[in-house]
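Peer 1: Here is what each chain is made of, one letter per residue.
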Amino acid sequence: MILLLGMVLWLVFGVMAASSLLFRHYHDSQILGITLSRAHARQPEVQRVVRSFQRACYLVLALSALASGVLLIPVVQRYAEMSLLVLVMLNLLANWCVISHFQGELRQIKEKNQWTYSRKKIMTVDLSVTREKGRSGVSPFWVWLFLPLSFAPMAVLLLHPALRQRCPLGMSLIGPLCQLLAIFLYYQMRNRHVRVPAEKTEQNLQLARREERINSLCATWCALAMLVFWGLFNLAMLYAPGGFLVVVPVAVLTISLLWIARWQQKKTREAEDALLGTVSEEEENLQEDSSTWKWGCYHNPDDPRVFVPKRIAGIGWTINIGRPAGKAVGLGTLALIAAVISFVAYSGSQDYQITARGDQVMIDAAMYDMTIERDQVDAVSVIDQLPSGTRTNGYGGMEKSYGHFYFDGYGACMIYVYNNAGSFIVMRLKGTDPGYVIVNGQTGAETQALYQTLSGWLAE
Amino acid sequence: MILKLDMAGATPIYQQIRNQIVFGVATGQLRVGEPLPTVRQLAADIGVNPMTVSKAYTLLKEEGVIVIDRRHGAQISPVCPREEPMDGEFDDRASLLISEARMKGASEETLKAHILRLIDDVYRRKEVSQ
Numbered sequence: 031m032i033l034l035l036g037m038v039l040w041l042v043f044g045v046m047a048a049s050s051l052l053f054r055h056y057h058d059s060q061i062l063g064i065t066l067s068r069a070h071a072r073q074p075e076v077q078r079v080v081r082s083f084q085r086a087c088y089l090v091l092a093l094s095a096l097a098s099g100v101l102l103i104p105v106v107q108r109y110a111e112m113s114l115l116v117l118v119m120l121n122l123l124a125n126w127c128v129i130s131h132f133q134g135e136l137r138q139i140k141e142k143n144q145w146t147y148s149r150k151k152i153m154t155v156d157l158s159v160t161r162e163k164g165r166s167g168v169s170p171f172w173v174w175l176f177l178p179l180s181f182a183p184m185a186v187l188l189l190h191p192a193l194r195q196r197c198p199l200g201m202s203l204i205g206p207l208c209q210l211l212a213i214f215l216y217y218q219m220r221n222r223h224v225r226v227p228a229e230k231t232e233q234n235l236q237l238a239r240r241e242e243r244i245n246s247l248c249a250t251w252c253a254l255a256m257l258v259f260w261g262l263f264n265l266a267m268l269y270a271p272g273g274f275l276v277v278v279p280v281a282v283l284t285i286s287l288l289w290i291a292r293w294q295q296k297k298t299r300e301a302e303d304a305l306l307g308t309v310s311e312e313e314e315n316l317q318e319d320s321s322t323w324k325w326g327c328y329h330n331p332d333d334p335r336v337f338v339p340k341r342i343a344g345i346g347w348t349i350n351i352g353r354p355a356g357k358a359v360g361l362g363t364l365a366l367i368a369a370v371i372s373f374v375a376y377s378g379s380q381d382y383q384i385t386a387r388g389d390q391v392m393i394d395a396a397m398y399d400m401t402i403e404r405d406q407v408d409a410v411s412v413i414d415q416l417p418s419g420t421r422t423n424g425y426g427g428m429e430k431s432y433g434h435f436y437f438d439g440y441g442a443c444m445i446y447v448y449n450n451a452g453s454f455i456v457m458r459l460k461g462t463d464p465g466y467v468i469v470n471g472q473t474g475a476e477t478q479a480l481y482q483t484l485s486g487w488l489a490e
Numbered sequence: 500m501i502l503k504l505d506m507a508g509a510t511p512i513y514q515q516i517r518n519q520i521v522f523g524v525a526t527g528q529l530r531v532g533e534p535l536p537t538v539r540q541l542a543a544d545i546g547v548n549p550m551t552v553s554k555a556y557t558l559l560k561e562e563g564v565i566v567i568d569r570r571h572g573a574q575i576s577p578v579c580p581r582e583e584p585m586d587g588e589f590d591d592r593a594s595l596l597i598s599e600a601r602m603k604g605a606s607e608e609t610l611k612a613h614i615l616r617l618i619d620d621v622y623r624r625k626e627v628s629q
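In order, the protein sequences belong to chains P and Z.
To convert a position in the first sequence, counted from 1, into our numbering, add 30.
To convert a position in the second sequence, counted from 1, into our numbering, add 499.
Don't read these hints as lab results, they were simulated from the structure.
Keep in mind that the hints are not guaranteed to be accurate.
Unchecked claim - In silico DSSO-like links for lysine-lysine, alpha-carbon gap of 27 Å or less:
#1 K150/P - K603/Z
#2 K611/Z - K150/P
#3 K554/Z - K150/P
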């Protein structure tokens with residue numbers, strides 16, 4: 031379990047570092063989110079800042095990896111999930127501080143050299159380029175083909191009902207939903223606004239065609255990565271219970287998306303260098319866009335769009351918090367994150383309360399309370415080890431696990447256990463959903479006392 | 500032809516689109532029969548509501564600058580010379596501009612020279628592009 035948490039943590043650190051490093055390339059007329067012309071971006075002092083930023087990112091990654099060693103301390107392991115969250119938050123904060131610091135250095139360089147660009151919000155559109163939109167991209171056939179293919183796990187579950195215990199049917203809808211999102215991304219990427227950096231239409235057309243090809247190819251690869259992830263994820267869920275191998279498809283998807291983002295940046299940069307090498311700074315029509323970005327989000331009440339392309343990686347979308355709908359989406363996302371963090375913190379800190387009173391056993395556990403009637407219970411026994419199986423819906427932490435699980439030889443179970451207590455009480459019920467309830471105390475002695483109580487209660 | 504739209508300016512965006520297309524036709528940057536992007540294409544590229552572009556196209560259609568048909572979309576229409584190109588509305592708008600310039604302190608000579616330069620600019624561009 032600790033190895034799995036460690037892998038997840040390093041994957042998160044790696045993704046954060048790679049995302050920050052993507053920030054350093056010249057893309058959409060910006061480095062680290064600071065607007066610079068192509069000539070200014072090549073200046074030695076700017077390149078020096080970029081190199082320092084790169085070193086700082088590697089340093090944050092190394093320090094974070096070192097800090098993850100605290101998970102090996104037994105006392106910390108008791109609060110492993112909370113520690114994981116704290117480490118991720120600290121890593122996020124460190125990366126944010128590094129980016130802010132070097133953004134400040136770039137602003138100082140701009141100020142010192144008086145590199146100022148227009149602050150007027152001028153949208154430049156070449157009618158010939160707009161008319162050609164959608165003609166140079168990769169065919170949408172592929173992304174539409176991936177949609178029916180993503181239903182394959184659902185078909186397998188429909189044909190083999192026994193497998194639904196390991197992977198619920200409802201979950202198999204997630205893949206097709208993600209593919210629909212990928213199709214949406216494809217059309218957004220293919221039709222995204224291309225800058226009009228030159229006065230000559232022919233130059234603008236060539237650049238637009240190249241960018242549309244690159245963007246649509248990236249969106250198609252994203253859809254393919256999503257499909258591969260979905261296939262691997264379902265294989266891991268069905269044939270490798272325990273959850274360990276689930277990390278592999280997640281890692282494959284994350285690394286693929288980062289690679290695609292990097293490839294897109296590189297190819298766009300190369301296309302711009304090849305086609306716009308001779309375009310002067312005045313022609314580039316650069317505009318400071320810092321006024322439309324607030325707290326790291328796009329903020330433009332005059333723009334009717336709720337979802338807008340990100341300004342950094344060129345792949346992915348962000349919300350316009352200047353619009354009421356954007357505010358609602360942003361606050362909703364924050365509330366969801368807060369709810370997940372609160373759930374993990376609350377679940378990790380609460381102990382189970384199991385009480386036998388009258389004809390009932392009452393189990394008090396966060397969000398998974400349960401009452402068992404005496405006539406529902408067939409038998410009570412003690413086992414030394416939890417059988418192998420998977421979590422269907424519940425909480426699975428380092429110290430304890432509870433909720434709906436599916437165990438080999440038992441079927442659907444409700445469990446309320448401290449993972450490292452050494453012994454577990456199994457209550458066999460008359461129904462099948464759940465067929466068993468497994469509980470224990472924090473220590474072997476507590477489990478034994480609980481077993482005596484439950485046996486006595488059943489014998490009454 | 501390149502449109503440059505001031506997204507934060509006082510002039511409505513549909514008016515800016517209309518004005519620049521009229522200027523493009525007058526200076527020969529847009530030729531007779533040249534197709535314009537569809538309303539959706541242009542709105543998506545600018546990042547505005549399709550209604551904004553639709554409003555500009557409707558104005559242009561009413562003025563006879565473009566024709567819209569189902570098969571070919573919007574196209575620059577052939578110029579139909581009017582019997583009286585300078586109507587009362589033209590006189591009103593031109594007089595207003597001249598009055599504003601005078602109030603700002605422009606002398607008659609300066610203003611005449613400036614207007615002649617603008618006329619040359621539009622007509623010469625048209626000749627060069629032809």
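Peer 1: Against this structure, judge whether each hint is valid.
Peer 2: Consistency of the hints with the structure:
{"no.": "1", "hint": "K150/P - K603/Z", "verdict": "25 Å, holds"}
{"no.": "2", "hint": "K611/Z - K150/P", "verdict": "31 Å, violated"}
{"no.": "3", "hint": "K554/Z - K150/P", "verdict": "24 Å, holds"}
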